[in-house]
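Going line by line, the protein sequences match chains A and B.
Note that this note's numbering numbers the first sequence so that position 293 is 293, with each residue one more than the last.
Note that this note's numbering numbers the second sequence so that position 88 is 88, with each residue one more than the last.
Because the hints were derived from the structure by calculation, they are not lab data.
Positions of the beta carbon are idealized from the N, C-alpha and C atoms, including for glycine.
Just to be clear, a hint being listed does not mean it is correct.
[What the hints assert, rightly or not] Selected chain A positions facing chain B (Cβ under 8 Å, derived; list incomplete):
# : residue
1 : D47
2 : D50
3 : G425
4 : K440
[Stated by the list, open to error] With a straight-line Cα cutoff of 25 Å, these simulated DSS-like cross-link-like pairs (lysine-lysine) come out:
# : chain 1 : residue 1 : chain 2 : residue 2
5 : B       : K38       : A       : K62
6 : B       : K38       : A       : K49
7 : B       : K85       : B       : K12
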Amino acid sequence: MKQVIHINYQGRVVPIEQSAFDLLKSYTEALSVHFENEPEKEEIIHDIKDRIAELFEQRLKKGNACITDEDVNAIINSIGKIEDLEAAVAAEEDTNPKTAKTSPDSGPRRLYRDETQKIIGGVCAGLAKYFHVDVVVIRVIAAILFFSFGVGVIPYLVLWAAIPGSSINQVVSQQKKLFRDGENKLIGGVCAGLSNYFGIDIWIPRIVFLLPFITTVFAKLWYWGMIEGFTPGTILVYIICWLVIPEAKTTSEKLAMKGEPVNMDSIQKSVHAGLKSAEKSIEEATQKLESTIKEKSPGFMGELSAFFTKIIRGLVSIILFVLKVIAYFLLVVVAIAVLASLMGVGLSSIALWELKDFVLTGDTQTYLFLATVVLFIIVPAIGLLTWIIRRIFKLQKQRAVLRVSFISAWILGWISFFLLLALVGREYKKEYASSVEEIKATPFLSDTIRVQDFYRETENEFSDNNFHLSSIVEIDSIHYEGVTIQIRKSSDEQFHFYVRKKTLARDAKAAKLLFDEIKPEYVIQDSLLLFNPRIGVSRKSKLRGQRATLVIDVPEGKFVQIPAHASVSEIQRETWYFDDFNSGEPAKLFQMRQDGLKETQKDSNGDSISPIENQLLDSTDNKQNQKSEVPTDFKSLSIPVMLFDPLGFLP
Amino acid sequence: MSIENTSSQMRKGILEFCILSIIDQGEVYPSEIIDRMKEAKLHIFEGTLYPLLTRLKNAGLLQYRWVESSGGPPRKYFQLTEAGKSFYDELKNTWREIADSVHQITQSNSNSTK
Numbered sequence: 001m002k003q004v005i006h007i008n009y010q011g012r013v014v015p016i017e018q019s020a021f022d023l024l025k026s027y028t029e030a031l032s033v034h035f036e037n038e039p040e041k042e043e044i045i046h047d048i049k050d051r052i053a054e055l056f057e058q059r060l061k062k063g064n065a066c067i068t069d070e071d072v073n074a075i076i077n078s079i080g081k082i083e084d085l086e087a088a089v090a091a092e093e094d095t096n097p098k099t100a101k102t103s104p105d106s107g108p109r110r111l112y113r114d115e116t117q118k119i120i121g122g123v124c125a126g127l128a129k130y131f132h133v134d135v136v137v138i139r140v141i142a143a144i145l146f147f148s149f150g151v152g153v154i155p156y157l158v159l160w161a162a163i164p165g166s167s168i169n170q171v172v173s174q175q176k177k178l179f180r181d182g183e184n185k186l187i188g189g190v191c192a193g194l195s196n197y198f199g200i201d202i203w204i205p206r207i208v209f210l211l212p213f214i215t216t217v218f219a220k221l222w223y224w225g226m227i228e229g230f231t232p233g234t235i236l237v238y239i240i241c242w243l244v245i246p247e248a249k250t251t252s253e254k255l256a257m258k259g260e261p262v263n264m265d266s267i268q269k270s271v272h273a274g275l276k277s278a279e280k281s282i283e284e285a286t287q288k289l290e291s292t293i294k295e296k297s298p299g300f301m302g303e304l305s306a307f308f309t310k311i312i313r314g315l316v317s318i319i320l321f322v323l324k325v326i327a328y329f330l331l332v333v334v335a336i337a338v339l340a341s342l343m344g345v346g347l348s349s350i351a352l353w354e355l356k357d358f359v360l361t362g363d364t365q366t367y368l369f370l371a372t373v374v375l376f377i378i379v380p381a382i383g384l385l386t387w388i389i390r391r392i393f394k395l396q397k398q399r400a401v402l403r404v405s406f407i408s409a410w411i412l413g414w415i416s417f418f419l420l421l422a423l424v425g426r427e428y429k430k431e432y433a434s435s436v437e438e439i440k441a442t443p444f445l446s447d448t449i450r451v452q453d454f455y456r457e458t459e460n461e462f463s464d465n466n467f468h469l470s471s472i473v474e475i476d477s478i479h480y481e482g483v484t485i486q487i488r489k490s491s492d493e494q495f496h497f498y499v500r501k502k503t504l505a506r507d508a509k510a511a512k513l514l515f516d517e518i519k520p521e522y523v524i525q526d527s528l529l530l531f532n533p534r535i536g537v538s539r540k541s542k543l544r545g546q547r548a549t550l551v552i553d554v555p556e557g558k559f560v561q562i563p564a565h566a567s568v569s570e571i572q573r574e575t576w577y578f579d580d581f582n583s584g585e586p587a588k589l590f591q592m593r594q595d596g597l598k599e600t601q602k603d604s605n606g607d608s609i610s611p612i613e614n615q616l617l618d619s620t621d622n623k624q625n626q627k628s629e630v631p632t633d634f635k636s637l638s639i640p641v642m643l644f645d646p647l648g649f650l651p
Numbered sequence: 001m002s003i004e005n006t007s008s009q010m011r012k013g014i015l016e017f018c019i020l021s022i023i024d025q026g027e028v029y030p031s032e033i034i035d036r037m038k039e040a041k042l043h044i045f046e047g048t049l050y051p052l053l054t055r056l057k058n059a060g061l062l063q064y065r066w067v068e069s070s071g072g073p074p075r076k077y078f079q080l081t082e083a084g085k086s087f088y089d090e091l092k093n094t095w096r097e098i099a100d101s102v103h104q105i106t107q108s109n110s111n112s113t114k
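Just chain A, with the same shape it has in the complex (with noise of 0.2 Å):
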């Protein structure tokens, strides 16, 4: 027999064994020990127990006469033994956020890149944070330093393989280990998994071994020098690291190399990864292969069969290898050669900076000029050489801001481009012809008139077929083949000579400033006129085309002697003078015929002899009225002439 009491339960009278009673005594207790701590202590007890008394009610109705101890039991194993409490209770703090520990955070103030405030690579942000300055100072130190020594690029570089950026994990507890990473290689995996180690960017180990490939080509295209003994260096540092850091394998060896939590996620994230790749595709549908034909073909050929699809996996994975290298090879190459071309372009704008006042008229189009180098050629080269690195290397990111600026900036180049060529070509706009001057010439006897061409060596030249220049320090002049012979029928029976000149003006008063300044070099003495073909401009008159014509009359039946070296030409009558004045050969012989030139030649007697047609009686004639002072002996005529100097032309 049991006692029974009552007791005022949450309001209510409840009949309950004594037993019972004191079970429910205790763990009431019990719970109010258990939530100690809660600070809604109070209201949980009071709830718990109005459930109890709900559960009493319950039971009491069903018929029983008063509360037992199985009862008491019953409801604490559905409210929950304590021990269960305890247990729920120990399992959920690990997921309270409210009780859980914070993750450490940076204990002595640590130096990391902000990459959240980057513009390159996030150093001077980073630098700023530590130092407690504003990013701009830092900024423009570093643009000083670059600019006026050329110091900031490596020391950047460094810095930005060195110091870790802040949107890596950097939980040191986790044992991040160095591997080498397979799925992000390039050739080993060595400059990948130093990123994963160090938490950097992939391409700045990237760029560290290759830079002395770089900075060589660099050197020789720049300075024709070397920079010596860098090279082989890294080569044999990247073998090394390729030979002893192992390459993470396994899931767990990844996340270690990458130094992540192994949890849920990370586990997905890799596993994911990794099934995404297609070699394992590819792995997998050669296994199928592989196991469908074992299926098949059990035994001896099962075995055979699988080793030849191995072989031909290997051969396939081979020849794809191969193909991707050849397709990078010759992107890379490509690449390089649009590149270089630029490059070439933009060097030998500035190589022809010094004969820039040559064509270029006051300070607004030399500025357009350089702005037209800067922005035309140079910055697609240099955004041309980023696009390049940026495919070899696979990165992702795709920066708008330097994307938008170099286009813009292209833009720019292209503007100042066409107003340059505006500018410039309002000098060129037409061709003007002066006046024909008769030049004054005592008249001579022979019925003959010789050209020679001379070519007055000036200082310091470069030799070239048709420019020649001084120096390039001192550029004073340019002197090219610009005097032409013109030869016409003579409206009387003597020789006359004309002296024509034609230059690109902008407008007839410009045109005349600039006949002024044509200058061609010549002189009739006797029966010989001889020429310089090359006129000079200067930095004044610029270059404009300018051109002199020697207009020589040649009377009907008279002769012309011009040099072995030069043509004439039917149509025009103008002559060519070519740079070969010692070929050696007999100087060759036109007359003026009725109907125009006609090559002849002159026999020993000093009379001319037509190869082709019979002669006309006219010439004959005036060759015999006319004495006849030409010597017999033509290539005499060469050397004498180079030292002929009557009238003080050479210098």
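Following the hints, complete the assembly by docking chain B onto the known chain A.
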């Protein structure tokens, strides 16, 4: 590592979410919540539920009103507050993502094992 620990870890994660879901369907009192959970084969002690409800209420996600009951002491009827509703929606999204991911993984896992 024991199976009980890992399993209960898993369940603990979704406990709050399920409770909020039940309350979202209409105002309920605690033993109703327990019953619904039991129907869905998710067992939870009242001793765990009450503190949780109290915490949620203190966080402003739940509110309650007293309703007199004929057969016993008055009951607390819980409903979601505005904040609670949006909190619950967020959890719904999280759950969906996790469920998809887990489904995908376990799906592919069962595909690849032969």
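Quickly compare the C-alpha distance for K38/B and K49/A to 25 Å and report which way the hint goes. This hinted pair holds, its Cα atoms lying about 21 Å apart.
Just to be careful: measuring from the Cβ of G425/A to every Cβ in chain B, is the smallest value less than 8 Å? With a closest approach of 65 Å, the G425/A hint is violated.
Mind checking the CB of D50/A against every CB in chain B and telling me if the closest is under 8 Å? Because about 5 Å separates D50/A from the closest Cβ in chain B, which is inside the 8 Å limit, the hint holds.
Go through the hint on D47/A and say holds or violated, using the shortest Cβ distance to chain B against 8 Å. With a minimum Cβ separation of about 5 Å from chain B (threshold 8 Å), the hint on D47/A holds.
Does K12/B lie within 25 Å of K85/B when you go C-alpha to C-alpha? holds (20 Å)
Does the interface hint hold: is K440/A within less than 8 Å of chain B, judged Cβ to Cβ? Since chain B brings no Cβ nearer than about 102 Å to K440/A, farther than 8 Å, the hint is violated.
Between K38/B and K62/A, does the CA-CA distance stay at or below 25 Å? holds (22 Å)
Against the hints set out earlier in the document, violations occur for numbers 3 and 4.
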